[in-house]
Amino acid sequence: MSRLTKLVLDVLKPHQPNSLDFARLLAESAEGMVVHLEMVEMDEKTHSLRLTFTGEHLDFEAIEKAIDEQGASLHSIDVVEYRTTE
Amino acid sequence: MSRLTKLVLDVLKPHQPNSLDFARLLAESAEGMVVHLEMVEMDEKTHSLRLTFTGEHLDFEAIEKAIDEQGASLHSIDVVEYRTTE
Amino acid sequence: MSRLTKLVLDVLKPHQPNSLDFARLLAESAEGMVVHLEMVEMDEKTHSLRLTFTGEHLDFEAIEKAIDEQGASLHSIDVVEYRTTE
Amino acid sequence: MSRLTKLVLDVLKPHQPNSLDFARLLAESAEGMVVHLEMVEMDEKTHSLRLTFTGEHLDFEAIEKAIDEQGASLHSIDVVEYRTTE
Amino acid sequence: MSRLTKLVLDVLKPHQPNSLDFARLLAESAEGMVVHLEMVEMDEKTHSLRLTFTGEHLDFEAIEKAIDEQGASLHSIDVVEYRTTE
Amino acid sequence: MSRLTKLVLDVLKPHQPNSLDFARLLAESAEGMVVHLEMVEMDEKTHSLRLTFTGEHLDFEAIEKAIDEQGASLHSIDVVEYRTTE
Amino acid sequence: MSRLTKLVLDVLKPHQPNSLDFARLLAESAEGMVVHLEMVEMDEKTHSLRLTFTGEHLDFEAIEKAIDEQGASLHSIDVVEYRTTE
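Protein chains in written order, with the numbering used here: chain Z, 6 to 91; chain U, 6 to 91; chain F, 6 to 91; chain S, 6 to 91; chain L, 6 to 91; chain E, 6 to 91; chain X, 6 to 91.
Derived by calculation from the structure, the hints in this document are not laboratory data.
Certain hints may be false.
As the list claims (entries may be wrong) - Computed spacing ranges between beta-carbons, pair by pair: (1) 33(X) - 80(L): 23 to 33 Å; (2) 59(F) - 48(Z): 33 to 43 Å; (3) 43(E) - 8(Z): 43 to 53 Å; (4) 17(E) - 49(Z): 52 to 62 Å.
Said to hold, decoys possible - List time: in silico DMTMM-like cross-link candidates among lysine to aspartate or glutamate, alpha-carbon distance up to 20 Å: (5) 50(U) - 15(S); (6) 11(F) - 43(L); (7) 70(L) - 26(X); (8) 11(S) - 33(U); (9) 50(Z) - 83(U); (10) 11(F) - 86(Z); (11) 50(E) - 83(X); (12) 11(E) - 26(S); (13) 70(E) - 26(S); (14) 11(F) - 91(Z); (15) 11(X) - 86(L); (16) 11(E) - 91(X); (17) 70(Z) - 26(F); (18) 11(L) - 26(X); (19) 11(X) - 33(E); (20) 50(L) - 33(F); (21) 11(Z) - 33(F); (22) 11(E) - 36(S); (23) 70(F) - 26(L); (24) 11(Z) - 26(F); (25) 11(Z) - 33(U); (26) 70(U) - 26(Z); (27) 50(S) - 83(E).
Ideal Cβ placement from N, Cα and C applies to all residues, glycine included.
Bound-form chain Z, shown alone (with noise of 0.2 Å):
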């Protein structure tokens, strides 16, 4: 059994909500999770972030969903990392 322990993704934002409230927003999505919130470049329409999402397993499919209710887009998955035990 293989578990999701780490996760970078390229997400463009729209300025709202604000980067404090989409964090926690997917913070929220799931349990036992760091969400690390870099802001890249901003422009007049939107935010470029990079977020590293960190845990012992972490749920895609939630934080996919997440991002799609916030109204951002995932540009591009840019670090994976996937643990399995002997």
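Go by the hints and put chains U, F, S, L, E and X onto chain Z.
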């Protein structure tokens, strides 16, 4: 339940209060917090600052209020970190 | 007796499956392994990936087989680490 | 209650006292403190210094007073760190 | 009595055997050793490799013999580390 | 009471004594000290050295005297660290 | 009493003995020592080496003698570290 544990803000501050008093007033806006202020740029009227807040339960509203009360302005939210426990 | 403990591969992958599913299927090819996938370059048809495998007893044949089964191709073996015990 | 735990100052000092005596006099302005002095630039009349103070309860007024008493001037406050406990 | 504990070699290898088998055969030339192989450059006929060996009692002759047996050639000895005990 | 715990000096030394003897004579000027000498530049007549002294109670006068006695000259004091205890 | 605990030498060596034998012979010149040899440059006749010696009581005369005996020459003393105890 998610907790705000790290916040990096880009803030523009008038010369008064000085950086020392400004950081102290921000720190006193909540308990269990480290406020790290870095002077990025200094011009005739304003100081451009990079403020890093770390703690177990950061209170963004209290921080934002304290920034306003000192006549400073929040330019952008650069890093946000939320944690949710199992 | 020598054990394969680290492997870094340069792999070319079609857009489907996405990086998440690709990494998961590779991870499930063997037990006791960490699969770290990094997107190096993305063009119209393919993703160029840097895959780092770490574990106590990596199984190269199983990894190579899993890569082929996803329609991806092994471009080069960049790092190999073997350990032999006294 | 907040505590000042780190302070980085940009200070301009005449050649006398030398950097050694200057750092010692600053250190003796308060207890429980590390004073780290770095020579940034040296010209005919002055030394431009980067002073880092770390401790559990730094006393800015005492530091500022000690700087003045040596005939040096505080050019800018570059880093300030305050901590508040739960 | 001195012990060879680290060795970094610049080695030129034909495409066959591949880097995986090459590293495994080198590792099996002696016990208690880590063999770390890094692909430096790949051209039509050869792979230029940086090989790092670490262990408590490395056996250079055995390593050199294993390199020859695979049809590869030792280009240069880049790092050598010996330890002598009190 | 403040203690001098770190000192970095820029020193100009004639070719004799060599760097080894020079560092040893400086070390023997006081107890409980580490003297780290780095050759920065070597020209026909002099060696330009970066000397780092660390210890619990460095004695600057003894160090300065030992430098003079070897016919070397103190070019600048680059780093000074003092500690005061609660 | 001061102890020589680190030494970095710039040494020029003929091609024979090779770097492996050269480092071993240097290591055997004294006990309780780590000899770390790095090839800096290789030309038709000589190898330019950076030799780092670490230990509790390095013996410079023994090292210098061993270098001479191998037909190599000490180009410069780059780093020296002495320790004196309380």
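Hey, residue 50(E) versus residue 83(X), does the alpha-carbon distance stay inside 20 Å?
holds, 16 Å
Compare the distance between the alpha carbons of residue 11(F) and residue 91(Z) with 20 Å, and conclude whether the hinted pair is satisfied.
Roughly 16 Å between the alpha carbons, so the hint for residue 11(F) and residue 91(Z) holds.
Check the hint pairing residue 50(Z) with residue 83(U) against an upper bound of 20 Å on the C-alpha distance.
Judged against 20 Å, a Cα distance of about 16 Å means the pair holds.
Residue 11(F) and residue 86(Z): Cα distance at most 20 Å?
holds, 15 Å
Starting from residue 11(E), check that the Cα of residue 36(S) is at most 20 Å away, please.
Satisfied, since the Cα-Cα distance of roughly 18 Å is no more than 20 Å.
Is it true that the CA of residue 70(Z) sits at most 20 Å from the CA of residue 26(F)?
holds, 17 Å
Could you say whether the range 33 to 43 Å given as a hint is met by the Cβ separation of residue 59(F) and residue 48(Z)?
holds, 39 Å
Tell me if the straight-line CA distance from residue 11(Z) to residue 26(F) falls inside 20 Å.
holds, 13 Å
Check the hint pairing residue 70(F) with residue 26(L) against an upper bound of 20 Å on the C-alpha distance.
Status holds; Cα separation ~17 Å.
Satisfaction of hint between residue 26(S) and residue 11(E), Cα-Cα up to 20 Å:
holds, 13 Å
Starting from residue 11(Z), check that the Cα of residue 33(F) is at most 20 Å away, please.
With Cα atoms ~16 Å apart, residue 11(Z) and residue 33(F) stay inside 20 Å; holds.
For the pair supplied as a hint, residue 11(X) and residue 86(L), is the alpha-carbon distance within the 20 Å limit?
holds, 15 Å
Checked against the numbered hints above, the structure violates hints 20 and 25; every other hint is satisfied.
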